[in-house]
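Let's have the full structure, built from the sequences with the hints guiding it.
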Amino acid sequence: MLRIPCPWCGERDYNEFRYGGDADKVRPPFGKPAVEGADLKAWHDQVFVFDNPKGPHKEYWQHVQGCRHWLVLERNTATNQVLQAWPAREFALARVKP
Amino acid sequence: MTRYNAFALLSHALTGKKWPLAWRSPAPKASYDIVIVGGGGHGLATAHYLAKNHGITNVAVIEKSYIGSGNVGRNTTLVRSNYQMPGNTEFFEHSLKLWEGLSHDLNYNVMLSQRGQIVLAHGPVQLDVLARKGNTMRLNGIDAELLDRGQVQKLIPYCGFSPESRWPIYGALLQRRAGTARHDAVAWGYARSASEAGIDIIENCEVTGFVRDGDAVIGVETTRGRILAARTGIAVAGHSSQVAALAGLKLPVESHILQAFVSEPIKPLVDHVISFGAELFYISQSDKGGLVFGGHIDGFNTYTQRGQLPKVQTVMECLVALIPAAARLRLLRHWGGIQDMTPDGSPFICATPLPNLYLNGGWCYQGFKATPASGTTYARLLATGQDHPLAAHFQLDRTMRGDGLDEYGLGNWTWKQ
Amino acid sequence: MFERRSALAGALHAGPGGPLTIGEVRGWTLWQVTAQPGAEAAMMSSLVAQVGALPDKVGLATQGNGRTLMLVGPAQYLLSGGPVTVSDAEGAVVELTHARTRLYVEGPDAAEVLSRGAPLDFHDSAFPLGAFAQTGIHHTPVLIYRVGAARYEIDALRTFALTLWHWLEDACLPFGFGVK
Amino acid sequence: MKGFKRLPSGGRIDRAKAISFTLDGKAKQGFAGDTLASALLAGGGGVVGRSFKYHRPRGVMTAGPEEPNALFTLGSGATQEPNIPGTQAELLEGLAARTQNGWPSVGFDVMAINQRFAKLLTAGFYYKTFMGPRKRSWMLYEPFIRKAAGLGEASADPDPARYDTRRAFTEVLVVGSGPAGLAAALAAARAGARVILAEQDSDLGGSLLSEPVGSAGDAWRATAIAELAALPQVTLMTRTTVQGLYDGNTLGLLERRDHLSPDPAKGQARQVFTTLTAQRIVFATGAIERPLVFADNDRPGVMLASSALAYLQRYAVAPSGPALVVTNNDSAYRTAHAFKAAGLQVVVADTRATVDAALTAGLEVETAARLVGVSGAHGVTAARLARADGSFLRALPSTLVAVSGGWSPAVHLTSHTGIKPRWDAATACFLPGGFAATHAACGAVMGQFALGQAIAAGFTAGRDAAAALGHAGNSGALAAPDIQSFGAAGEPLWRMPNPRHRKAFLDFQNDVSDKDVAQAFDEGYRSVEHLKRYTTLGMGTDQGKTSNINALAIMAGLRDVTIPEAGTTTFRPPYTPTAIGALAGRAVGKHFRPIRRSPLHQWQEANGGVFIEAGPWLRCWYYTWAGDSAASAYIKEMELVRRNVGVSDVSYLGKIDVQGPDAPEFLNRVYVNGFAKLPVGKARYGVMLNDDAVALDDGTTTRLSENRFFMTTTTAQAGEVMSWLEFLLETAWPELRVQVTSITDAWGGMAVSGPNARKALELTFPGRDLSSAALPYMGVLEFAVEGVPIRLIRLSFSGELAYEVYTPADYTQDLWEHLLAAAAPLGIKPYGLEALASLRIEKGHVAGLDLDHRNTLDDIGLGKMAGKEKDYIGRAMRFRPKLQAPERWSLVGLELLDAGQKLRGGSILFPQGAELKGHGHGWITSVTWSIELNKYIALALYDGGLKHAGEEIVCAYPLLNETVRAKVVSPHFIDQEGKRLHV
Ligand SMILES: Cc1cc2nc3c(=O)[nH]c(=O)nc-3n(C[C@H](O)[C@H](O)[C@H](O)COP(=O)(O)OP(=O)(O)OC[C@H]3O[C@@H](n4cnc5c(N)ncnc54)[C@H](O)[C@@H]3O)c2cc1C
Ligand SMILES: NC(=O)c1ccc[n+]([C@@H]2O[C@H](COP(=O)([O-])OP(=O)(O)OC[C@H]3O[C@@H](n4cnc5c(N)ncnc54)[C@H](O)[C@@H]3O)[C@@H](O)[C@H]2O)c1
Ligand SMILES: Cc1cc2nc3c(=O)[nH]c(=O)nc-3n(C[C@H](O)[C@H](O)[C@H](O)COP(=O)(O)O)c2cc1C
Ligand SMILES: [Zn+2]
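Protein chains in written order, with the working numbering: chain A, 8 to 105; chain B, 1451 to 1867; chain C, 19 to 198; chain D, 33 to 1015.
Label pairs and their calculated CB-CB ranges:
#1 ALA29(C) - ALA931(D): 48 to 54 Å
#2 THR1452(B) - ALA85(A): 41 to 47 Å
#3 ALA1463(B) - PRO136(D): 26 to 32 Å
#4 THR1452(B) - PRO529(D): 28 to 34 Å
#5 PRO192(D) - ASP1847(B): 54 to 60 Å
#6 GLU1009(D) - LYS1700(B): 47 to 53 Å
#7 ALA167(C) - GLN311(D): 20 to 26 Å
#8 ASP421(D) - ALA1463(B): 30 to 36 Å
#9 SER737(D) - ALA27(C): 32 to 38 Å
#10 ALA1463(B) - PHE176(D): 16 to 22 Å
Straight line, CA to CA, 27 Å or less: simulated DSS-like cross-link-like pairs of lysine-lysine:
#11 LYS48(A) - LYS65(A)
#12 LYS151(D) - LYS1738(B)
#13 LYS151(D) - LYS1468(B)
#14 LYS179(D) - LYS1738(B)
#15 LYS949(D) - LYS1547(B)
#16 LYS179(D) - LYS1717(B)
#17 LYS1468(B) - LYS160(D)
#18 LYS1700(B) - LYS32(A)
#19 LYS48(A) - LYS896(D)
#20 LYS900(D) - LYS39(A)
#21 LYS32(A) - LYS914(D)
#22 LYS65(A) - LYS1866(B)
#23 LYS1467(B) - LYS535(D)
#24 LYS1717(B) - LYS58(D)
#25 LYS167(D) - LYS1738(B)
#26 LYS547(D) - LYS1467(B)
#27 LYS1547(B) - LYS167(D)
Treat the hints as calculated values from the structure; they're not laboratory data. Cβ coordinates follow ideal geometry from the N, Cα and C atoms, glycine included.
Right, here's the structure in full:
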């Protein structure tokens, strides 16, 4: 059983959580571009194209049967070994700031 | 080739004569017209149809492990053509038609058992959804029947019809021509036929890179050396992203584990394929007697071929909800396979942005039933460079065009498909 | 005209009897207080002014000023006993009194009963008196609070409370239980 | 002659407690402490089953879960349980066992004729035949194959037993209670660790149970158990098989409790499945003895040597005639000496040329011997030995041939997480291939076959596990018992000469012989995985516990590679077959999944509400005041709403509290339409898209104050929307000062709809100004009645003058009752989901199937809602060409043209005159009878949408051979100007 370390609640069974996919991808900036369609490719790849690595993978999980917060988990997809976890908000803020 | 038939069986029994190799295991040659990466159902079927339909036999199928080690050898063997989206309906019906002649085509008994699939509905809205599908099937010349609760109960009386059931059975869609086939035989039968035609099946040989001439792909690097090819076709299912990455490509694919289960062997109990409607769950009984069943993917990216225990329990709960008698039966074994999940649940059989490199992948739950059609259409693409009309929809750029093929309307998440 | 009606109204029948007791706890109130991003410190100091010391660890409840406070997330608290006032800029206060139904189970096998649904370690070393955790039982989110050596309170979503009650009765059956 | 008998004394059985049972209806007796197998052996043994394919007579071969032959069907009717190894079935009073796979009996089985065709029924024969003459010919053969295959028969009736599941945690788990496991548990527990010791057997001790009762070995066992039992931090679990090791140090444990005669009515579970997470795991699972491969090695009376010992010491069952022990290693001498000590006649045949004299002392031993055959079809009577060169050595009368081909460590669990076992040449065994840092193994599973070695290793493993967890207690010391110790040193020779080419089995249950392996090799099925799949070797209920290694050794020989090069097949859970009910636990029947109920549920139940499943909810479908089926009731309920006033439960809607200074900006981003400027006190309908521009949800959101909004979502998408909003705030826009909280459970709601809705509310809230001036369309009023907050929002789903009234959930029923009573003079009544859904179809509001995850904003006819200047989720992807194509489907209304017919959901639509073939031009998503139009109407998605307004089309429903004509119209069937909303 995959055990996920929730930054708030501690280590829990994975099925207390909801999966949210690849967290390495950065959403294209919010805001209408000057030319409609200019950001289509970026959005398309955000939604439809994946690295899908065999190895370390950062991914979103939400602790739905718990604190309900989202977190970013780094996990090795070749072994399911859990490597690290961050609160999603902190992860996002750190990404915005250089 | 030694034909397989009852007479040959008898004569071998009487004379004690040895059977020949089902397929040869040659050393790889330096170059081929076509190299297929992946000795699963689709790779091997493609090889067979390249020889049979196009007369191309200077072909190698490169398999990193033993043939059939991937999903073709670990799936729940459901074969059906109940699809409603244009592009899917015709493709999967083409496949089912090929299935119907496959044992003869291959001279290998793949045990296609057209025992009928019953897809249950647990409410009026679900039944409308099934009706749309059934009507579409009928309008495309495919058999489908809508059943009410009473008719379902006659077919599968041992299912959960008690008032205690959490989601009562309301009706069903039945496709009588649907059923199961013997998974390993499909891989072996295609391999035997392709090998007989002169195609090289090279096991224990992993593709580790692509040989490039500028953008163009002119061969593969393998653990058994470099092999050149005029055209290279990928057919590695759950490892699509891994192999594509060797060519610098990113795909609309994520790899997820789907678990499968088999019970101890018992005398015939379940005579159909049954799909539960309250949650994703499906079951049939193998000819050996085991109940073979499965549910939804575990739901997060992984390449480990083993599943999570809570999912095992979820699937058992569905089984008991569907067939209360199954509680006392025993689970014999459970395993997993790595599925190539796409955001719209549909596959790719297409050219890639790199000249001479082609892709077959993104099969999600449905690649086994697709095997013959995937083989014929991919063979045509690899032989001619032209899309087969039946697979024309399965292009990499369809999502960019807004032409996704979300058969079940599950949204753009690989783990929900 | 208005009287508070429990989600379990009419459902609490006497059990078969036995060492366990289960039932509903009524007459409490519940708020959730969460700081807005950037205003965590401000909100916390305004809370301190109103209720005294704040818990600094998720999982252990503290009492102060007639209130029980639970830290459940980043600058996020569950508060019972009475509301607090927090400015819009500092944080958000939402009353959840009606959103939850509080069940309890008490008796020697109470932790074992919970283990039949909740994926938590109830051993004294991991879940001492005064500990709480948010988790799930029977697919529904719950908050479990150890209020006595052998007594646990379970806050369930109100709409799932009856289902959870039936689940609890069923889970207690092999041990024997009464309803109070 | 009977092959076995019960000795007059000895064993661990309780002779004071006789147990009656039946076999195939015949009354039999055994003792408490017996297994079904030992009791049958005590009664003589012999044929207890027939093999799968050839129907060869088979007897008991082992004393453990590895038993391939002696499978029985236990019980009958709903509790019938097939394929249970007699070695695993504790003898319980009244046990009714039946033999399997033999007809009319296993003694005389007509299907034994299959043996004659053995040469035809070789590995994979079915792949080569049964194909003709026609395409579907297999369908004619398959039923016969299916009937012949399958072992026992299952019941088709629901299992009345109860099962339970639980979740548990421990510091140290020790798997297996042999000497190694007992030592490990003691060391860890003494150091202070919290320990669980799990043992599949009914008794603790493992191989020590085969030491004579009262002996030094037995005393050691008893002392260890007593000490463990007295330690509070130790939990001893017997009859508990660790079935699988999963990620995260989590294991599945199955506990069997049949011996307690559990009563489901009292909630007593027959089996309990525990999901256990252990910080440290010590595997002390022992080893399984390997049979030898020789001619007719499947005859009843051929038994594993360690099993023969177990039958003697544990169950006081012994051969009734002379015994022959055939071995390639030291361990079988333990059996031989025990037999000798018990006064039984025994000869040892050892394949090795020289054997340590300490082992052979006092025994009659043939060295360098080969076992080349046994006589006796239904029970061994004699055995023939040959020399290594094949020449005749001697023939021995024997009723028991006890064989040992060496040992296969039980590496199953350690392999479950993908670690392949590793070959150890010194012990000629596959040992665990490696461990996670938190795992250790000891004893026979590590090839430590000598008793002292196993105990020492176990003790160290237990002590280290505790120390790693920070337990500093003193583990003291543990001396091994002072008894003769037998290791398992030997030579890797498993296959005996077979000059007459008789059947020599590898997999007894699936009838796979050495010849099948040779054939698989010939045909190229040479990888162990192909070998397994082609011959079905190791795929039976025993999962090849006794057969896999022998077979792969033979294949390695044929391929001329080493055993480790050939490798093993994959080990998968469960270790032994596990009742499906145990894994499902109590999640059966009504408890399968939770039920969600509105605060009005109880009232509805008591007042004629009829419910329907809607996701987790039980929703009130219709009320019996209006009719006794949904089909009849909804029309009356619709009439009530259109002509007077009705009230419907809308507590099912998702409700979300949105708060914070940036809340307007946030909503403005997630909804396609503008929310930034929504005035306080106003509600607005909004649509949300996913990133891919497909419609996610719709609903109304009300601005309660500057920084606070009340959002409602559809019932189906409430959870999705909630998570999505949380996701955006925590990952995409962490800077926004907004908090979202689900208040679905906090508030109950009711929709009051109909021309008399205002009157009804005025009666309910007397004195309140509810005029359009005070509460205009899309306005909100918040007030309190007796201190109870009321939220009154004027909006409409039905198309009539309507209000949604919200109040805290605990008060909802009182408000509902009050409203019904206050407005009773008007004739107000409740209406249910069916009418609600039909009213909205007349009005042209999308819901349900109109909004599946394939439709965009434009598809549902709401493209104009989207803000032109602002950005919103899904905007970029909305403009993909296919989604904007003029021929793309979009929402239309349909009116039935053929009186007396019906429109049906799921119909496929065609333009008039088109051939009814292919995918059509659209489909019907929702249908209702329109009371206003007096005909069937529908919402549909049609290619080109309202461009085709006014056209006549064909709705095909070939499943019922129906086609009807309909006209394309606006989806807003009634009150297109919205006059009724604004009265
Ligand atoms: C548990 C489970 C149940 C399923 N049930 C059904 C079902 O009931 N019906 C249905 O239609 N479909 C089902 N599927 C899906 C179906 O099995 C797959 O979609 C299909 O088998 C995939 O195509 P394939 O046979 O070619 O793949 P595979 O058999 O996986 O073949 C891919 C091959 O590529 C090889 N490979 C990978 N990387 C390399 C490399 N670098 N070099 C060389 N070789 C490589 C792999 O070893 C593998 O053998 C199921 C799948 C699973 C996992
Ligand atoms: N006189 C002697 O020479 C003598 C006496 C006793 C033991 N021995 C030897 O000592 C060695 C050490 O014994 P050991 O302790 O390693 O093995 P063991 O066979 O004594 O014990 C292993 C135990 O593990 C249990 N087990 C296995 N898999 C399990 C699972 N999945 N779940 C629950 N229980 C499970 C078995 O039922 C068994 O009781 C053996 O080789 C044995 O033959 C020698
Ligand atoms: C349709 C089907 C039926 C199976 N039946 C059995 C069976 O009767 N016995 C068995 O041991 N395994 C059975 N298996 C499972 C295989 O042993 C094996 O676990 C699976 O093919 C995956 O391979 P792996 O476990 O080697 O990874 C079956 C598999 C499939 C796909
Ligand atoms: Zn959490």
